[in-house]
Amino acid sequence: MANSSNSHTNNSLALSDNNELIANDGIKGWFDQGFTWLVYSFTTITVAVLFLITWIIFQEAKPAIAQFGIQFLWGQDWDVSNEIFGALPYIYGTVVSSAIAIFFAFPVGIAVALVTTEKFLPPSIQAFLAFTIQLIAAIPSVIVGLWGIFIFIPVIEPLQKLLGSYFRWIPLFNTESPVGTNMLTAGMILAIMILPTMAAISRDVLLATPKELRSASMALGGTRWETIFRVLLPAGFSGIVSATMLALGRALGETMAVTMVIGNSGQISLSLLDPAYTIPSVIANEFAEATPGLHIGALSYLGLVLFAVTLAVNIGAVLLVKWVGKTNR
Amino acid sequence: MDGSQNSQIQQSLGAELFSPLPKSRQLFTYLMNGIAWGLTILAVVPLLSILWEILVRGISGLKPEMFVNSVIDFGFGNAILGTAKMVSIGALLSIPLGILTGIFLAEFGRTHPAANFVRFITGILTGIPSIIVGVFAYGVIVLVTKNFSAIAGGFALATIMLPVIVLTTEEALKLIPTDQRLASAALGGTRFQTTFRIVVTAAIPGITTGVLLAVARAAGETAPLLFTALFSLDWSSGLLSPTASLPVLIFNLYNDPDPQKYQLVWTTSIVLLGLVLFVNIISRLVTRRKKSR
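These protein sequences, in sequence, are chains A and B.
Heads up, the first sequence is in numbering that gives the first Met the number 0, so the first residue is 0 and it goes up one at a time.
Heads up, the second sequence is in numbering that gives the first Met the number 0, so the first residue is 0 and it goes up one at a time.
Since the hints were derived computationally from the structure, they do not count as laboratory data.
All values reported here derive from a predicted model rather than from experimental measurement.
Don't be surprised by glycine CBs; every beta carbon is placed ideally from N, CA and C.
You may find that some hints are simply not true.
[Claimed, not checked] Incomplete in silico selection of chain B near chain A, CB under 8 Å:
id, residue
1, A35
2, T39
3, E52
4, T100
5, G126
6, S129
7, F135
8, V165
9, F191
10, G219
11, L225
12, I249
13, S268
14, L272
15, V275
16, R283
Isolated chain B (complex conformation) (with noise of 0.2 Å):
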């Protein structure tokens, strides 16, 4: 009785572990497995055609000259300097700043109170829509100096370059291992040399990495530009005055008429998304490899 029983129970046993899956269950796996790859596939076209059709269509607009000339004369030489302009007023007034305060987290706030509440403050300055911070550098600037300029422009862009420098400047020094910073304070260092000569020196390609997506994504920022620096056709006299961009450029220009104009918005597409793609690709891989090692 009780062998009959066992070698029944083997028996389906047996079945259930050798048969394969029901149908349902298997036609399940094969419909979701379609199903994510679609969907996956789907997620990688729109940044193929992207980067296709800015190419085919930019390319062959593009003129060397185009980049001493001002936009009266279909160049963008004039919207590549007001950008580089106002990317380094905002490189100046927020790499201090973000690199302090990252060190303030990272060496001073694993033990300071204030510190979880900096990194909650910084995660949501993140966030902030950009033509909120356009809105704030016009209140701030423009309001004050009564004129639309490059310095306003760098302000607002400060303002977005911020919080990417503080949070990777952390992530950066956070790298590095505690051991070094014992070591140089066992050898009589100051905090301030512990900082600066050992851990900062340490992490500077971090850091670097991170200023550079920073200075990537600011170049490319359009809405907190719009009403701080404007536009200008022409060369612009000094930080006071109106001034060019090369993403305010291809906003103002995309429907315009004229075939030549039409052109320059993606000429300067393939220049402005060229520089953007290649600082991010190289940053990201850079700190991709720091990681794994």
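Isolated chain A, as found in the complex (with noise of 0.2 Å):
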């Protein structure tokens, strides 16, 4: 990251000479202008495609925003048929399916990135398996739901049976035998689809802190792991922030998977066994059969909420890693 920051402000020296140096005249200079012009225009598509996006859903989402209002956030009725319609079970499924996601990503995430940047293995091997972690974000998120469904579930519906049964005394195990499809599952599968994105981002982020910390603390005295907590993590601390952030991103919006094994049961309960509902998911079962109006306009305002969320996680960490950037240099 720093190697690529450092060739780009040696080119752009060299570049703006480069401008005056262009031939500028006859129909070649025309055809170049053309050209430029061609440029520019589609690269203002590129960004009118986001501002259109906000727009169009917005214009979808209108009958419901009129009907509603403010208060479909916190409605907590869901009801087609007398078109009644609140976002608050998808909200709380949307965000604690993801927030158990990150329980679990964070600190897989985190080993697997120290693993891989740490002299445990020859390089070679830290860039395979570095390579291989990076594939499961290729794997298509429906293929993950078909395996969490019929490999996954059968494996850890024993255990939340157990879980369920010994620790029902603790509100967020409290369901009477528990069946495989919850929100717990969810939670985990959504763990191994975010896995990736938090993997190589910290990875990035411990790459990039300078080789004198470690060896600074390292010649105090200090043993790998000591080094590690005291220095490393601390140093990468906010990369290591918007990395997670990314990956909450990516957990908030992911459809497939989450809707083929949380259940789909539109309802708030504290048990993490219980089946439970999230925004993509019920965008994805119903949206096709949705009557226009009220139903689609519900939907779409469910989209719009789900786009503004991601819409600040991604611009929080995007933002952050400007920051960071900066601080560093």
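Join the two chains into one complex using the hints; note that each chain is given alone, in its own frame.
The following block contains the structure:
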């Protein structure tokens, strides 16, 4: 990362001269001007896509916004036949399943990042390991969901039943004989899916920390893990936070795998072993058969809420990365 | 007096230098090593399990006629064709936009004030949930044409591919040395000639990689197709009718009680996963070799 930004500044110096070197007369010149404008207009279209998405979804959501207003956000009913819609169970499901995902993916992601940056292994094997974990990100989410429902759930269900029978006095596990499709399972599947994001960015952050920091800590007699906990992780703290935020953004918007394993029941229950529902899942399940008007409007309104939340999380992460890049320089 | 103090210090220093770490710190090291290794192995297990299970459950049912039959005849030919159609539409829309935006960022943008803004917006586009893109494509195409169609699905996939192509094109163009641009300009090359004949030509392997990654990602997307292209059990006629795709086939049929359909789901998975992973591994290997050179 540091390297690319260096070469970037060097090049921009050279290129500012380049502009004046370019021939600008005759038919060639006109052609060139046309090309420049083509590039500008296509770039404008790319930028416009984001604003167009916002505007279109807002338009689709308008009937529901007019009908329910801001109260939509804490309404708890979702009654399609009577056209009463409230978003709270879905917002709750989205937030809690993503929180569970972060809870599992954070330590595992950091561990992978450490094992693939610290000198536990020869560099070639480290690179191979990092590459392998990266491949998880390439697996289509519907296949992860398929694996979740037919392979992961049969393995995890007995454990959850044990949890439900021995720890029912904890409100989080207060479900009598839970079935495999529930909030906890969805969170764990999500954790698997966001792990590559978490691990890859944390790895980049750790690779970018100056070698001197590590050497200094080791020279003062710190062991490897003392160096990691007192020097490396604090130094990379903000980078790791932004990795977590990007991973969170992915978890919030993940659709297919969650839809297949969360149980799709729009209820708010404190127990993680109860089925739940998320915003992307309800859109995926109902949108195709929804009647135009309030139902489509309500689903689009849900989409707008999700869009706003992921936008905020992603912008936060991007700004944090930029801010960190500036303070490091 | 001084001498004895010195030797005392040396003795204690020697003791500290050569004595092993205290037990508690040793234990901490071993413990943390164990935890880190344990968690890393835990991270690899799901990947291996997914690959293994899909392979085992899918390969047994794989028959060559599946590639030419539609879902009605227990094949996935129409889904492959649908995915190919929609990914092609997506590529057709997003490749020119993406590559020219990438050129803007890498060639014009270094001195342009809007470059950082464009880069920022592209970054945000990458993070938009794919289901949201589906809602967007529904509003733009399906509401207007009053029909679920391959066009709508392709449009949604284009939105997903666009930021991937922009960012990888920029990366690929950045790797081309500035000297080559200067040399071209010195020989009287215009901006167009320099960009296309010199820079883009040299960066074609990198750009191709980016396009392939975008195609692989689009081919595996389900959520944006659910209510834009919908699904079809049979071959679909033309681009303006509901169209099947590999991922939506898996999602629609995974609960099917018919054992033959159930088997079809696993076989489709092996085809889709094989396609996506193959493209990913090849393109990542190519880029890695480029970077290390």
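Evaluation of the provided hints:
no. : hint : in the structure
1   : A35  : holds (5 Å)
2   : T39  : holds (5 Å)
3   : E52  : holds (5 Å)
4   : T100 : holds (4 Å)
5   : G126 : holds (4 Å)
6   : S129 : holds (7 Å)
7   : F135 : holds (5 Å)
8   : V165 : holds (6 Å)
9   : F191 : holds (4 Å)
10  : G219 : holds (3 Å)
11  : L225 : holds (6 Å)
12  : I249 : holds (5 Å)
13  : S268 : holds (5 Å)
14  : L272 : holds (6 Å)
15  : V275 : holds (6 Å)
16  : R283 : holds (7 Å)
In this structure, every one of the numbered hints holds.
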